[in-house]
Amino acid sequence: MLRLILSRLLQALLALLLISTLTFSLLAAVGGDALTALRVDPLISEESIRRLSRVYNLDQPLHLRYARWVSGLLLRGDLGQSFFYQSSVWSVLKPRLSSTLLLASAALMMAVACSALLGAASARRPNSLIDRFCGLVILLTASTPRIVLALAALALIASMPAAADRAFQTTPGSFSWRGASGDVWQLCLAAFVLSVPLVAIFLGQTRDALKAALALDFVRVARAKGLSERAVLFRHALRAALNPLITTFGYSLGSLMSGSVVVETILNWPGLGQLSVTAVRNRDVPLLMGVVMLTSAAVLLGNLLADVLQHLSDPRLRRAADSARKSSPA
Amino acid sequence: MTHQHINTGWPQLLAVRLRSVRRDWTLTAGIAIISACYLVAIFADFIAPYPYASQSRREPFAPPARLGRCPPSEVAGFLPRLCLYKQTLIDPLARRYGEDARAAPQSLTLFPRGYSYKLLGLISVERHLFGVEAAASGEPARLYLLGADRLGRDRFSRLIVAARFSLLTGPMGTLLAGALGIIIGCVAGSAGGAADAALMRLADVLMALPTLVIVLAVRTAFPLELPPSRAVLLLVSIFALLGWAEMARLARSMVLVLGEREFVVAAKGLGLSRTRILFRHILPNAARPLIVQASLMFPAFLLAETALSFLGVGLQEPEPSWGNMLAEATDLAQLRRSTFTLLAPAAAILLVTLGAHLSAAALKRRGGQAVS
Numbered sequence: 001m002l003r004l005i006l007s008r009l010l011q012a013l014l015a016l017l018l019i020s021t022l023t024f025s026l027l028a029a030v031g032g033d034a035l036t037a038l039r040v041d042p043l044i045s046e047e048s049i050r051r052l053s054r055v056y057n058l059d060q061p062l063h064l065r066y067a068r069w070v071s072g073l074l075l076r077g078d079l080g081q082s083f084f085y086q087s088s089v090w091s092v093l094k095p096r097l098s099s100t101l102l103l104a105s106a107a108l109m110m111a112v113a114c115s116a117l118l119g120a121a122s123a124r125r126p127n128s129l130i131d132r133f134c135g136l137v138i139l140l141t142a143s144t145p146r147i148v149l150a151l152a153a154l155a156l157i158a159s160m161p162a163a164a165d166r167a168f169q170t171t172p173g174s175f176s177w178r179g180a181s182g183d184v185w186q187l188c189l190a191a192f193v194l195s196v197p198l199v200a201i202f203l204g205q206t207r208d209a210l211k212a213a214l215a216l217d218f219v220r221v222a223r224a225k226g227l228s229e230r231a232v233l234f235r236h237a238l239r240a241a242l243n244p245l246i247t248t249f250g251y252s253l254g255s256l257m258s259g260s261v262v263v264e265t266i267l268n269w270p271g272l273g274q275l276s277v278t279a280v281r282n283r284d285v286p287l288l289m290g291v292v293m294l295t296s297a298a299v300l301l302g303n304l305l306a307d308v309l310q311h312l313s314d315p316r317l318r319r320a321a322d323s324a325r326k327s328s329p330a
Numbered sequence: 001m002t003h004q005h006i007n008t009g010w011p012q013l014l015a016v017r018l019r020s021v022r023r024d025w026t027l028t029a030g031i032a033i034i035s036a037c038y039l040v041a042i043f044a045d046f047i048a049p050y051p052y053a054s055q056s057r058r059e060p061f062a063p064p065a066r067l068g069r070c071p072p073s074e075v076a077g078f079l080p081r082l083c084l085y086k087q088t089l090i091d092p093l094a095r096r097y098g099e100d101a102r103a104a105p106q107s108l109t110l111f112p113r114g115y116s117y118k119l120l121g122l123i124s125v126e127r128h129l130f131g132v133e134a135a136a137s138g139e140p141a142r143l144y145l146l147g148a149d150r151l152g153r154d155r156f157s158r159l160i161v162a163a164r165f166s167l168l169t170g171p172m173g174t175l176l177a178g179a180l181g182i183i184i185g186c187v188a189g190s191a192g193g194a195a196d197a198a199l200m201r202l203a204d205v206l207m208a209l210p211t212l213v214i215v216l217a218v219r220t221a222f223p224l225e226l227p228p229s230r231a232v233l234l235l236v237s238i239f240a241l242l243g244w245a246e247m248a249r250l251a252r253s254m255v256l257v258l259g260e261r262e263f264v265v266a267a268k269g270l271g272l273s274r275t276r277i278l279f280r281h282i283l284p285n286a287a288r289p290l291i292v293q294a295s296l297m298f299p300a301f302l303l304a305e306t307a308l309s310f311l312g313v314g315l316q317e318p319e320p321s322w323g324n325m326l327a328e329a330t331d332l333a334q335l336r337r338s339t340f341t342l343l344a345p346a347a348a349i350l351l352v353t354l355g356a357h358l359s360a361a362a363l364k365r366r367g368g369q370a371v372s
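Listed in order, the protein sequences are those of chains A and P.
First residue of the first sequence? That's 1 in the numbering used here, and the numbers climb one at a time after it.
First residue of the second sequence? That's 1 in the numbering used here, and the numbers climb one at a time after it.
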C-alpha cells in the first residue's frame, strides 16, 4: 500500500512538473505579459517599463525565469507575486481554494446521493417505470450543459429581486453558514448546477455496475441464504460494484474543476475558477500559473485518493497490484 | 453484445448500419436535430435577414418585433398577411420603446431582397428567406425577431450565423482528437510494454487535468484578436491535443480484447501483416464503440468552445458565436427584462447537445458498448 501511494505521488509530481513546464513556456513564449498594457500607454516612459521588468525579472531569458519560479516553489513554497492583486499569489489563492473545495464537495455529495438512490432503485427492478425514468434522467442530465443551466439559474435569481440583492455578496473567504442566508442559497444553487452533468455519469455507472453485479453467482447465494433484498443490494452487490464507481469519481474531478470555471463566473462564486478568468483577462502570469498548479494538484490528489480507495475496497487489487491494471481496460 | 466478424468492407458495413438506423426513433430524432442544425448553419446567410455585424445605433437593445395581422388596406393578396408594427426608442435613458404611431405597418414577405451573399460560397444571391421589403420612401423598419443587442445588431441573424462557428469547431476537434486517440491507442495496444505503459500514464494524466483551466491559460498566450479562421484552427488544435485520452484508452482496450479473438488469431496464423489485421479485422469490429465515443466528444468540444467564447477568449466580437452572445446575458437588469431572447443561444446549445446525446445513447444501446 505504501509503495503504491509513493509511486503514485511520484507520478503526480512528475505530471505537475510537466504541466508547469508546458504552461510556463507557452505563456512566456508567445508574448504578452503584465507590462504589455503599460507599453502602449504614452504616459509611461520607456525607462520605467525597463525598470519594472527588471524588478519583476521579466528581462531574463525564459529558462532562468522558470528555474527561479520552480526553485521558489520547491524551496520556499513561494508561488511568486501577483501583478494584478499586488500581493503574493498564495495569499490570493488560499481563501479561494477553500471556496472551490466547498463548492466541489457539495456538488459531489449531491450527485452521489442522487445517483446512489436512483441507481439502486432502478437496478432492483430492471425495465420498470423507475428504470425508464432513470434512463430519462441520464439523458437529460447528460445533455444539459453547465453553462446553460447556470444561466437559467441566473435568470431565476434575476426574476426575484430580493434574492438578486442578497446573492452576489459573497467575497473570497467571507462565506458563512449563518450570517446572510444568501450565502447558503448561492452555494446550493451553484452546487446543484455543477452536479447535474455528474449525475449523468454517476447514475449511469451505478446502474450498470449494480445490474452487472446482481447477475453474479454470489448474489444468488446471498438470496438463497434468505437475506433481505435490501441486504443483498447494499451489502453484497454494491460492494462488488464499487470499483468502477471509484474510478469514475477520480476521473470526474477534472471535469468538475473545468465546469467550475464557467459556473463560478456566472453565479459569482469567489473560487479558483473565477480567479482563473480574472488572471487570464489581466494577463497575470504568476497568478495563472498558481491557479493551474493548484487545480491540477487538487485533481491529481483526488485521483490518488481514488486509487487508494480502490485498493482498499477490492482485495484482488491489493494482491495483484500491477497485473490488475492490464486486465481491466476502459 | 456480440461482435461478430463481418467479412466485408466499409461500404457494406455502412449500408447495414443505415438500414438499422430507421427502426430507432431516438436515433432518428437525434440525427434529425443535428442535421437540421447543420442545414441552418449552411444556409445561415439565406435565413438571416441582416448581416451579422450591421448595426443600427438608433435602436440599442430594441425589443423583439411586434408582429400582427395587417390592417385591411395593406392586404394585396387573398391570404391574411403578417405585418411588422414598428417600435421606436421613446426614452433613451431608460431604453424604453413604444409603438410608432406615424409609421405604417409594413408587411412581411417571403424571399425579399436583402444584402448580397454567396450561397454555398459559390452563387451570389440577394434573396433571403423572409424579411421586410424595402419601402419605396424612407428607411424600412428593421425586423428584430429576438430583439437587438447594445449596438442595434439583429440577435436572430447573429444566432443563426453563430451556428456556423460552433458547429465547425465541434466536429473538427472531434475528428482530430479522435484520430489522434485511435492512432495512439492502436500503437499502445499493439506495441505493449514500456511504450504502452508510458502512453497510458500520459492519458491518465490528461484525463485527470482540469482541461478548461489549462486551455484558458494556453489561449491567453496567443493574441486575443485573431481572425476567425485562425481562431478556429487554434482552438481545435488545443482541444485535440488535450482531448485524445479517452479515445486512446478505448481504442487500446478494443485492440487488446479483439486481439485475442479467434478471427484475429486466425488472421495472424495466415500470416497477414500487422497493419492489415489492424485495419481490416480489428478496427471494423471496434467501429461501434469508437463511433459512440466520438459522438460523445462532439458536444464536449462544442461546449468547450462555447465556454471559451463566453469567457471572452474564444471568438471575438463582432464575429458571432453562441458563447460570446451569451456573455450579454450576465447583466442581471437585461436578463430580467428580456430573459428568453437573451437565452436563445443557450436553447440552441441545448438543442445540439440533446441531439448528440440522443444519437449517442441510441448507438450505445445498439451494441456500441465497449467489450470488457
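Simulated from the structure, these hints should not be mistaken for laboratory data.
In this text the structure is predicted, and so the values were computed from the model without any measurement.
Be a bit skeptical, because a hint or two may be false.
[As the list claims (entries may be wrong)] Facing chain P, according to a computed beta carbon distance under 7 Å, are these residues of chain A, among others: (1) L136; (2) L139; (3) A158; (4) T278; (5) N282.
[Unchecked claim] Here are the simulated distance ranges between beta carbons: (6) A179(P) - M1(A): 38 to 44 Å; (7) I183(P) - V55(A): 45 to 51 Å; (8) L2(A) - D331(P): 50 to 56 Å; (9) L6(A) - S237(P): 42 to 48 Å.
Every residue gets a Cβ at the ideal spot worked out from N, C-alpha and C, and that includes glycine.
Do the hints match the structure? See the list:
no., hint, in the structure
1, L136, "violated, 10 Å"
2, L139, "holds, 6 Å"
3, A158, "holds, 4 Å"
4, T278, "violated, 11 Å"
5, N282, "violated, 10 Å"
6, A179(P) - M1(A): 38 to 44 Å, "holds, 40 Å"
7, I183(P) - V55(A): 45 to 51 Å, "holds, 47 Å"
8, L2(A) - D331(P): 50 to 56 Å, "holds, 54 Å"
9, L6(A) - S237(P): 42 to 48 Å, "violated, 36 Å"
The structure does not agree with the numbered hints 1, 4, 5 and 9 stated previously, though it agrees with the rest.
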